[in-house]
Every structure is written in structure tokens, then in C-alpha cells.
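Each protein sequence line maps, in turn, to chains A and B.
Residues 1 to 128, numbered by the numbering used here, are exactly what the first sequence covers, in order.
Residues 1 to 128, numbered by the numbering used here, are exactly what the second sequence covers, in order.
It should be emphasised that the hints constitute simulated quantities derived from the structure, not laboratory data.
Just so we're clear, the structure is a prediction, and the values are computed from it rather than from any experiment.
Any copy will do: because identical chains look the same in the list, a pair fits if it lies in one copy or spans two.
DSSO-like cross-link-like pairs, simulated, lysine-lysine; straight-line CA separation at most 27 Å:
no. : residue 1 : residue 2
1   : Lys41     : Lys86
2   : Lys62     : Lys120
3   : Lys8      : Lys104
4   : Lys120    : Lys41
2 protein chains.
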Amino acid sequence: MGIVHRYKDQFDWEGVSLSRYPPGKEMRDVNVRWLIGPAEKAPNFALRYFEIEPGGWSSLDKHAHDHGVVILRGQGQVLLGEETFKVAFGDVVYIPPHEVHQLKSVGDEPLGFLCVIPAKDPVEEQVE
Amino acid sequence: MGIVHRYKDQFDWEGVSLSRYPPGKEMRDVNVRWLIGPAEKAPNFALRYFEIEPGGWSSLDKHAHDHGVVILRGQGQVLLGEETFKVAFGDVVYIPPHEVHQLKSVGDEPLGFLCVIPAKDPVEEQVE
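All chains, full assembly: derive it from the sequences and hints.
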């Protein structure tokens, strides 16, 4: 049976819990809500909502899986390879496999974005 | 190299074209923008932005691939199996494989939503 996660306002959803993003990696002030993923038994992809608090940043990552990102609130900087892009509401970012990437929250409010990943196990790679 | 599709306001993006959704199926007033997909050489998933004009509806579908949906504008009704849900901004819908589904636009403005699918070839099934 299909699942509806009702939006509760303020970027919060019914039936979705808030987590700090996985410990053990170097990042700052990153929170995540898994909107669609293992809990929904989704076999092909996961859809998460991330918030990075003002001044925070995600880890400098490089891995075999790709990301689809849609910015929903705040102001951000996205590192893609060796280039940096400013992003805000509605901007769409595609991060292909093996591309070095990092997101920073540079505004006064949290940087909030949707992020799609394939469901298969992510394998991290060393960033050179 | 990563790709940024800059948001142009009014649910339009740089480097993304607008299409009527595939002909040959019974639906009404459905438009789509492929934000991430074959054009971005995305191997694992596609992310599309759909708009259904007021009074319009998507085809009654049933297929092996699943959908992740996030409503961005307008008012909708989603059929999931035999149940119907009202949806609006921020609501998240997971449509698992083989679930009968259909979306209708029931407000005064277009129903706009993001829709994730796996990249592998979709195979349609007969809706009984």
C-alpha cells in the first residue's frame, strides 16, 4: 500500500523522524529526515530532506552513487569537482558518480534540500 | 562534471525543456520537465517536475517501478490502490511497485510535484 507523509509545516512531516547525519564523518550541523527509504520498503531509491544550519557544512564526499538535489530553503554553496556554485530555492543539482562534492549553508536560515540516492549500498571513496 | 539547473521562478529551470507528457495514454493537461534524467546521463534514477492544469489528471497507472512524489504547488487528489488522499505543498507520497495510482489537480492553480523514478526501463501493466 502506498504511503503519504503529510507535511506539518516548517519542513517537518508526519511519520518521519529527525536524525543527526551519521556520526564518524567530518561535517557540521547536518540534520536529515528520510522521507522515502528503507522504512517505506522502497527498493530502488531513497529521498531524504536535509537541513544544514547556518555556517554548517556536509562532509567532503566522493562515492560511486549519484545524488539529485533540489534546494527548498536557505542559501547554499555547492562544491562540484573544483567548481563552486551558489544555490537557493528551486535550484536543481545533479552530482554524478565519483564527483567530489560538499554543501555549505551560507545564509541566515538553514539550508534545506531534498536529496535522491539510489537504494543500493553506498560505498565511500577516498577524496584525494 | 556535476550539473546545476538554475531555478528561473514560476517553476521553470535553465537548461530544462517543457514537454506534454507522452501521448497515447489517457490523461488530461499534464506537462513535464525532466530535471535529472537521460540528458544528465544519470544512471540510477530520474527526477521530473510535473504540472497538471486545474481539472486535469494523470493516467490511471500500474507498473513495476515505484514513484517518490513531493507536492510543490496546488491542490491534488492521489489515488493509491482503492484509497484517495488530498495533497498540498510539502506532502510526500510513496507509490510502491505494482500499486494502481492516479493524480488529479483539484484547485485553482496547477498541481505541481516532483516525481522520482528508477532509471531502468519502465514496463506498464494492465490496470484491472
